[in-house]
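Chemist: The primary structure of each chain is shown beneath.
Number of protein chains: 2
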Amino acid sequence: MSGILYGVGVGPGDPELLTLKAVKIINNCAVIAVPKNGGALGDGVALQIAKSAVSLDGKKIIELTLPMTRDKAELQRHHDDAAECVAAELRAGYDVAFLTLGDPTIYSTYTYIHKRIIKMGLNAQFVAGVPSFCAVAARLNIPLTEGAQALHILPASYKGTGAGLDMCGTRVLMKTGKAFAEVKKQLAGRGMLKNAKMVQKCGMEGERVFENLENADEDASYFSVIILKDGEEKL
Amino acid sequence: MSGILYGVGVGPGDPELLTLKAVKIINNCAVIAVPKNGGALGDGVALQIAKSAVSLDGKKIIELTLPMTRDKAELQRHHDDAAECVAAELRAGYDVAFLTLGDPTIYSTYTYIHKRIIKMGLNAQFVAGVPSFCAVAARLNIPLTEGAQALHILPASYKGTGAGLDMCGTRVLMKTGKAFAEVKKQLAGRGMLKNAKMVQKCGMEGERVFENLENADEDASYFSVIILKDGEEKL
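Respectively, the protein sequence lines represent chains A and B.
Per our numbering, the first sequence runs over residues 15 to 249.
Per our numbering, the second sequence runs over residues 15 to 249.
Since the hints were made in silico from the structure, they are not lab data.
As the structure is a computational prediction, the values presented were derived from the model and not from experiment.
Be a bit skeptical, because a hint or two may be false.
It does not matter which identical chain is meant; a pair holds if it fits inside one copy or across any two.
Derived pair list, reagent style SDA-like, types lysine to any residue, alpha-carbon separation capped at 20 Å [what the hints assert, rightly or not]: (1) K189 - E225; (2) K133 - I156; (3) K74 - E98; (4) K189 - A162.
With the hints as extra help, turn the sequences into a complete structure.
Modeler: Right under this line is the structure:
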């Protein structure tokens, strides 16, 4: 019998935001897989979060090389290699927990491995987690959506980010990272810096909270989430 | 010393999707507050989910009457009364956990109470939870977003739902409930029924999974989430 691959969302940073299910699955898996991007920010973070909540003693930990590159052929080769590495464990009968930040269905590298494992005829499942934007809203002590407002989650790498900023409802900018200067320029051009709130490294060491972006410096890390609201409903 | 109000997200249905933090906060609160809407679907669901994961023995459970009505004055009166009821417990020194489905910052009645408690000069905090759409994507075994796709969360009551359906990226329709027939018509008019997936009562008793909406009957409950994707990325 082949094992099952679980894409386990460990939440955005605070180990207490792991779900009971994530803890159980991690406990039950003999093999833990974690992405390794070669020194970039975020390497090993999902593993550290999990370790703070669950003992990984006695488990086999495999690091999958998944660099962040725009070279499609190189990306595919790394995804294929990582999937083969996971598949070998599954075929040997071991269940594997792939740890991923936030929720595994939202902008996760896990997706690339998941699809390949399914295509190989093996079993892969998502284990839902708390997305970063929910924790960021909680940290800012504001609701994301009220009444009939829409909620738009926009990756800063998304080509329509500018247009996205003009949508009605609440807009969440994720993955700003290197694009922060450009995002700030787009916000400034629309007079939105005052209304934009941001949390960096929410729930992690070095967390920073910005009630607006007027004086935000530009060393935003990969773990920044910006929230723009249409204004508050009256009580 | 006044107590603290916590808006605790208990996740979408599966009690295992509670976070460690939610369990801890519920354990530590002497008073548990739950919304009661007077017989409508969903009454008592958050309480049942929490009870399946944590013992509530010995705690005071208060039911807050929060009916679903479009009469603004009536709504405000109920929100005011509920906030007063919670404030009385806080002023008596008790911490209160208000249980809410999914994540408390996304379309939660809790928000109305939270804002009033803050306005009274008392302490209120959000405790992030797993939103229903993450669990629904996991149940369907599909990623919500890949690469640079945007993610649009649209309440079916949102006046721009039609326009929302035409956005690029992944569209999630929440709170379809009574509007399901209308939503289905909007989807049919765009040739989107085949591409729309839905889960009703995800993780709860009576869960139903629809790989498309071509033959979906119209007794969709309040707990339905529809996901529309732009198509899959190639491996």
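Chemist: None of the hints should be skipped; say for each whether it holds.
Modeler: Hint check results:
no.	hint	result
1	K189 - E225	within (19 Å within a copy, 30 Å between copies)
2	K133 - I156	between (41 Å within a copy, 13 Å between copies)
3	K74 - E98	within (16 Å within a copy, 53 Å between copies)
4	K189 - A162	between (26 Å within a copy, 10 Å between copies)
Violated hints: none; the structure is consistent with every hint.
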